[in-house]
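Take each chain as given, in its own frame, and dock them per the hints.
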Amino acid sequence: MARIEIKSDITGTLWQLRSKVGDQVEAGATLMVIESMKMEIPVITEDAGVILELLVSETQPVAEGQVVAVIDG
Amino acid sequence: MNWAAEIDELHRRRRLSEACGGPTAVARHHAAGKLTVRERIDALLDADSFREVGKLAGRGSYDAHGVLAAFEPAPYVMGLGRIDGRPVAIGGEDYTIRAGTGFGSDRRKGGQGGFIEDLAHAYRLPLINLVDGTGGSVDTARRKGYTVVPGYGQDGFERSVDLLGIVPVVCAVMGTTAGGPAMRAILSHWSIMVKGQAQIFAAGPPVVERAFGVKLDKDELGGSQIAVDTAGSIDNAAEDEADCLRQIRRFLSYLPQNVWEMPPPVVCADPVDRCDDALAEIVPRSSRQAYDMRKLLGMVVDRDSLFELQPTFGRAIITAFARMNGKPIGIVASNPMVGGIVDARAARKQGHFVELCDTFHLPIVFFADVPGLMVGVASESEAILREGVRARYIGLQVSVPVFSVIVRKCYGVAGGGFIDRGGLNFKIAWPSAQWGSLPVEGGVKAAYRREIEAADDPARREQEIESELRRLASPFRTAEAFAIEDLIDPRETRPYLCQFIDALQGRLRSDLGPKSKVGVRP
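Sequences listed follow chains A and B, in order. Just so we're aligned, residue 1136 is where the first sequence starts under my numbering, counting upward by one. Just so we're aligned, residue 697 is where the second sequence starts under my numbering, counting upward by one.
The hints are simulated quantities; they were obtained by calculation from the structure and are not laboratory data. Treat the hints with care, since some could be wrong.
Pairs of lysine-lysine, DSBU-like flavour, derived with a Cα cap of 35 angstroms [as the list claims (entries may be wrong)]:
#1 A:1142 <-> A:1155
#2 B:1211 <-> A:1142
#3 B:1141 <-> A:1173
#4 A:1155 <-> A:1173
#5 B:991 <-> A:1173
#6 B:1141 <-> A:1142
#7 A:1142 <-> A:1173
#8 A:1155 <-> B:991
#9 B:891 <-> B:914
#10 B:991 <-> B:891
#11 B:911 <-> B:891
#12 B:911 <-> B:991
#13 B:911 <-> A:1142
#14 A:1155 <-> B:891
#15 B:891 <-> A:1142
#16 B:1211 <-> B:991
#17 B:840 <-> A:1142
#18 B:840 <-> B:751
#19 B:891 <-> B:751
#20 B:751 <-> B:911
Here the structure is a predicted model, which is why all the values come from computation and not from measurement.
Just chain B, with the same shape it has in the complex (with noise of 0.2 angstroms):
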């Protein structure tokens, strides 16, 4: 062979490489309870699919005859890989190398723009970037010999917006994120954090302690309770890292490649048929009481199809992805047991949500129990008018099918959020369904306070107007005026909603491609 002595080489350089940022290094990793980036990246892909790009990359130091003497790999690791048989691009910071700082190399491998994001977009595929990195360092000052302006040269996060339109983007927070790596992990369809292992903040607990003269630790900071339970900043949360791997795996299951392909279907061994008996009761007669609506969708969808995103925050709105006859869809559901009644976080959960079943082409479906937005000083505090009313634009902008199936309540402008007015305004409501500007008892008083002051036992005409309005409230009324589409058995509606998920798969295939939006957002 003429170039055994280079092809030598290479092999000798690629297992320096794969030594991470060497034993040390890579024991004290594995004693944190953490996988390095080459075993995350295993254990997510398809058994031996990974094909690394740019794994040479790195700084090396030479002897006085030219020979390498030492050598520091680049800290990313990063190439091609598949995930259920479907390339993906993948890559992430090796922390045992000076904890996944950049390098400074002639072009960024990945992580915020760089080779594997160029690839995502050349090729449009899923890109999933496993974060695990500090991100800049005043050192950079010192090594270039002057300061630079944020977004500088390689850090500019453009390719990363354009992503957001056409591609899936996962990001999983792996460890203590903070700067340039938040902002990727934000810059994402959805992400994911290991709980008492990943932490992400703006800076971290000594930046807070010098501005504010208070000691945190880095959990408080920005632990899981913190960025998903408490800010949504990060979606979901992970056990560990197995867990973490696995629902990266879930939630891409659901999305196509890209927005021009339509989201893949799977073999069903769930009959479509199925009527649940339970669906008939697990409704209360009491409108005050409370139900599990997660227990009421897994009895409709296929089963053990649903896989909530955002589970933790929010949590008076249910979004979960789910499949009805082996095609996915988006739910987006009232939560009964936190009363259903929309708080500006919920809000923020169902616009995004709903965004996001939109771009890839999933058909959307609500459950609607909702009394109405939240009220009180707090609320308003939070902006919950313009939260609602800016879920309600994005409903309204959509181009996917959309069903509501109102199980219960479906009141004012939250209710309107659950109903499609952009498409077909296809409704089909349960015998338990009310609905109004305002459920009867919070306004007759206000509607009818001079007939009721008026009369000689107001107390008694206030009653009196109250049952007139009930009546009149029936379901089955509004279904005689055809003001609803449908009034259907509970036990049903797994059958009659799969027909139409079918039937619109032909929609879906010709309204492929990216979403044009215009406007400004309330």
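Chain A with its partners taken away, still in its complex shape (with noise of 0.2 angstroms):
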């Protein structure tokens, strides 16, 4: 198992976490939703694992690049 670093790909706001520390997510899931200039933003993970670890809470801004969560897949 490895350590996966889940990047967003644009700067803007987290508008909804669509999972939680613990979750199970297929390839392809939708983790969390970003909110940038009125798009909704998904963001994927190309990997399976579980998700250990959720680094940015609804309404917080986020940075392009930045690491907003983390799995173990």
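If you want it as structure tokens, here you go:
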């Protein structure tokens, strides 16, 4: 198992968490949704695994490239 | 045979060249998971089509009787070959011979100018460079007895620059590359590197450590995550060498041999009148929500014909070659999965791709869902305005036919970059389309501030103005005014575009040749 960092593709605000620590997620799952310029941008994991950490909370600003979650995949 | 001895000697010397850097060096190269340059060339070209030039070049040493005692082949292999039956000029460094560095020949074989580039220029053939060399060394000074100014003698790159206006140039980075070979890789229409095996940088880890005291491994400094995904210095990444060679063949399949020829059509098995029902449902009713533009494009273009360039860089925009009824086209599409918001990297990618299509006479189809340029300090610091305007400037200079399919949003400076004003200005929209200088939500407060503030219930007044403007924003009203050329059922997109792309082939044929560009890009 490897520690995989999930990064935001875009600068914006965390609008909605769609997962919680401990969840088993499939590859392609949406972990959270970031709002940027009135668009909802899904944060998607390319690997299946278990969520170890969620590093942002709703309404918090997020920068492009910022690690927003860590999964054990 | 009068010349039997010499002919035997010639064949003996050819065999010596085929041995590359010798069994030990070749075994080491293979052990690192790499093919030799000769194996790469054979794997890339049509079977038995390689006609090598300059195979006897190298360093011979002779015994007292003038007989060849030892031979080191030139560390560059090149010649003529065929891909899909069409001739190409191809060359690459032989890493098994002194890491592919120069060997002081009378004329350079290739790699940075040289015979193979002259051949591509003289015969107007595509050029493929398989880059696997480390470039110059301070040892040159010891060999020559003096130091040289960059760009001296054979290393001038003048020919490499000329080629970019007339024939397709592909560079594949197959190993660790810096200096001259790295520059050669960038001087191309399209470049690719092998993940994990190839790195490219201005200077490698030892130089960086000496300059900044930072220890990095070569992948951290110039692996595909940096060079392809982050910087866009190299366009595409390949999983392995076989994938890399496959992608090169694929890239060239969309392009003509040179700018005087038409992009090559193929026989299309996919019905032109295929109207995929899923196109009517793919765009969500909520204009905030994302959808898969690649899936949308796949339903419109010829089946399996989409080939994406720079898929991991500047991801707000998708740039791809594809075919419509067998004819090659270029596609620039918004990527709603990252909001479609154009940042500096996406704008740079768009400009480069549009110029590539224009140079080789591929019509361009835009698929717009663009809310605007990226705002904020980070984006402004990356010169979003300059990059965004430059993309539009390039777009306004193209002379190939351009279509705009407005799928959803088309706003502001970035949206204008999806519209052709230099040519026919042909815009077709889906019923989900909306457009303007900026979205209604953002603009009402600014445009009607006094009126809103003066109202008894300002919030209510703002909402009233917003809903009035929304009614006016219906694409049907714009279609009535013929301010959009057509509003179409999304399912008709493929037959509609195919018919126009078929019809414009004559225009392309009458407009072949190099593109002249004047002016200074912003």
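| Pair hint outcome, residue 1141 of chain B versus residue 1142 of chain A [Cα-Cα no greater than 35 angstroms] | holds, 34 angstroms
| Within a Cα-Cα threshold of 35 angstroms, do residue 840 of chain B and residue 1142 of chain A meet the stated pairing? | Since the Cα atoms of residue 840 of chain B and residue 1142 of chain A sit roughly 51 angstroms apart, the hinted pair is violated (cutoff 35 angstroms).
| query | Do the alpha carbons of residue 1141 of chain B and residue 1173 of chain A lie within 35 angstroms of each other, as the hint requires? | reply | holds, 16 angstroms
| query | When you check the alpha-carbon spacing of residue 840 of chain B and residue 751 of chain B, does it fall within 35 angstroms? | reply | holds, 25 angstroms
| query | Given the proposed pairing of residue 1142 of chain A with residue 1155 of chain A, does the C-alpha separation stay at or below 35 angstroms? | reply | holds, 16 angstroms
| field | Hint consistency between residue 991 of chain B and residue 1173 of chain A [alpha-carbon to alpha-carbon, up to 35 angstroms] | value | Roughly 23 angstroms separates the two Cα atoms, so the pair holds.
| said: Run the distance test for residue 991 of chain B versus residue 891 of chain B: straight-line Cα separation, threshold 35 angstroms. | reply: holds, 26 angstroms
| request: Take the C-alpha atoms of residue 911 of chain B and residue 1142 of chain A, compute the straight-line distance between them, and say whether it is at most 35 angstroms. | output: Between residue 911 of chain B and residue 1142 of chain A the Cα gap is close to 24 angstroms, so the pair holds against 35 angstroms.
| Within a Cα-Cα threshold of 35 angstroms, do residue 911 of chain B and residue 891 of chain B meet the stated pairing? | holds, 21 angstroms
| query | For the pair supplied as a hint, residue 1155 of chain A and residue 1173 of chain A, is the alpha-carbon distance within the 35 angstroms limit? | reply | holds, 24 angstroms
| request: Please work out if residue 891 of chain B and residue 1142 of chain A have their alpha carbons no farther apart than 35 angstroms. | output: holds, 20 angstroms
| Taking only the CA atoms, is the gap from residue 1211 of chain B to residue 1142 of chain A under or equal to 35 angstroms? | violated, 41 angstroms
In summary, the structure is inconsistent with hints 2, 12, 17, 20 from the numbered list given earlier, while agreeing with the others.
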